[in-house]
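Starting from the structure of chain Z, add chain L where the hints point.
Spelled out, the chains give:
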Amino acid sequence: MRSLNFGDFVFLVTAARWTILLSLSAFLGGGLIGILIALLRVSSSGAARWFAIAYIQIFQGTPLLLQLFLVFFGTDMLGMPLSPWVAATLGLSLNAGAFLGEIWRGSIQSVPKAQSEAAMALGLHYLPRMRLVVLPQALRIATAPTVGFLVNLVKSTSLAAIIGFVELTRAAQLLNNATFRPFTIFFSVAILYFMLCWPLTIASRRLERRMAAAYQR
Amino acid sequence: MDYTFHFIDVWRARDELLWGAALTVRLSVISMVLSLAIAVAGALARTSGPVWLRGLVAAYVEFVRNTPFLVQVFVIFFGLPAFGIRLEANTGALIAMVLNGSAYTIEIVRAGIEAVDRGQVEAATALGLHRLQAFRHIVLPQALRAVFAPLGSQFILLMLNSSIVSVISADELTAAAQDIQSRTFRSFEVYIVVIAMYFVLSLGFSGVFAGLNRLFFPKLEGR
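Line by line, the protein sequences give chains Z and L.
Going by my numbering, the first sequence opens with residue 2, and the numbers climb by one from there.
Going by my numbering, the second sequence opens with residue 118, and the numbers climb by one from there.
Excised from the complex, chain Z in its bound form (with noise of 0.2 Å):
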């Protein structure tokens, strides 16, 4: 046992640079399945909504470590066993999918009808009506709710410490066995956590606020 000192807690601050990785990464690849869900969930075709609804339905109604783990043990099994780093990532892209495809799925449809219907008078097809019409204007929408989303994301990321991914967390439970100090390191690890997400969730309100204010005209 050895006591704790000033290069411990630079430790720390460097180990939240694997969390701002995971985050990002999961953010690109749930930003992916996101947006595939979304327009899933939209689409004409009954068997694409039928897919994209149990799709969400199924990872926002279990519990996300159980989701990690069965990509963790589950591939394994299956004779393709992934490193940490990448059963983290693709767990959490794929439940940030869930969560992104619905938020999504909400601002496109609050988009105002009669614009897509415009969009489809003037002879727009599917791509172009939804990437120079809806999309834009439903992009407005999302930004509040994908930046609160953002905060759940990097605190979810805190769970790839349990598959052993060393992030933050994983790091601050290395460091409390090797210097018994359980308290110190937790609460600090809290406020690097409290750090990397407070911003967010300001941000969040913020353009929440000011997207109330642009529809109350």
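It is worth saying that the hints were derived from the structure and are not from the lab.
Incorrect hints may have been included.
Not everything, but these chain L residues come out facing chain Z in the computed CB check (under 7 Å) [claimed, not checked]:
no.: 1; residue: V192
no.: 2; residue: S304
no.: 3; residue: Y315
Some chain Z residues judged to face chain L by a derived CB distance under 8 Å, without partners named [what the hints assert, rightly or not]:
no.: 4; residue: L67
no.: 5; residue: F70
no.: 6; residue: V148
no.: 7; residue: G149
no.: 8; residue: L160
Covered by chain L, according to a simulated footprint, are these stretches of chain Z (three or more residues, beta-carbon under 8 Å) [said to hold, decoys possible]:
no.: 9; stretch: 170–177
no.: 10; stretch: 197–204
Everything numeric in this text was worked out from a predicted model, so none of it was measured.
Glycine included, C-beta positions come from ideal geometry on N, C-alpha and C.
Chain L only, in chain Z's frame:
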């Protein structure tokens, strides 16, 4: 892919899994009830308490909502013994669940309280009700009616989050799954069954919440 599934080990452990699910339900329901009770007090303090108390509640809500539940569990279970507070795993889990759940619930209940028309309180005071009476009989029922749906979703999230307390070996469904998994090495089979069980639990809870909503807040006449 030459893996053969063996669900027989999971089937043999069915009693353990069902018991785990029952414990998850119990832990979740107790946490929900306590969170709601704290949230009503907290939201009242946040909306009409003295300034220092408002600030304190706001700080608590912000801190809990912007840090991961897993880290909160670690601070409570591993950190508190440094101050001589040694908790048994199940107690630590319950405290973490309630502290986490109430922070989110305070925000929801507060939004409900703020949505109640001011005229309602004015009418209640005009009829001679005290401030606390007006809150209890006029504001709170309308606030809860307004936010019942988001409250239900938040409680389902709380139930799903309870899987995280398995890291301190509190008794619930995920911990039961890990026990069975370490005995049988059938991790994939165990986790897929347990995921399905959680899914059924969340459907069950949302059914119960819909029922409670109809029971407590029947549709108002003339609206």
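Tested hints:
1. Here the hint on L/V192 is kept, as its CB sits about 5 Å from the closest CB of chain Z, short of 7 Å.
2. For L/S304, the interface hint holds, since its Cβ comes within 7 Å of a Cβ in chain Z; the closest pair sits about 4 Å apart.
3. Taken as an interface hint, L/Y315 checks out: its beta carbon lies about 5 Å from the nearest beta carbon of chain Z, inside 7 Å.
4. At a threshold of 8 Å, the smallest CB-CB gap from Z/L67 to chain L is about 5 Å, leaving the interface hint in force.
5. Interface restraint check for Z/F70: the shortest CB-CB distance to chain L comes to about 5 Å, inside 8 Å, so the restraint holds.
6. With 8 Å as the threshold, the beta carbon of Z/V148 stays out of range of chain L, its nearest partner Cβ sitting at about 13 Å, so the hint is violated.
7. At its closest, the beta carbon of Z/G149 sits 10 Å from a beta carbon of chain L; the interface hint therefore is violated under the 8 Å criterion.
8. Against a cut-off of 8 Å between C-beta atoms, the interface hint on Z/L160 holds, since the closest Cβ of chain L lies about 6 Å away.
9. By the rule of at least three residues with a Cβ nearer than 8 Å to a Cβ of chain L, the coverage given for the stretch 170–177 of chain Z holds, with 4 such residues.
10. With a cut-off of 8 Å between beta carbons, the stretch 197–204 of chain Z has 3 residues touching chain L; three or more are needed, and the interface restraint holds.
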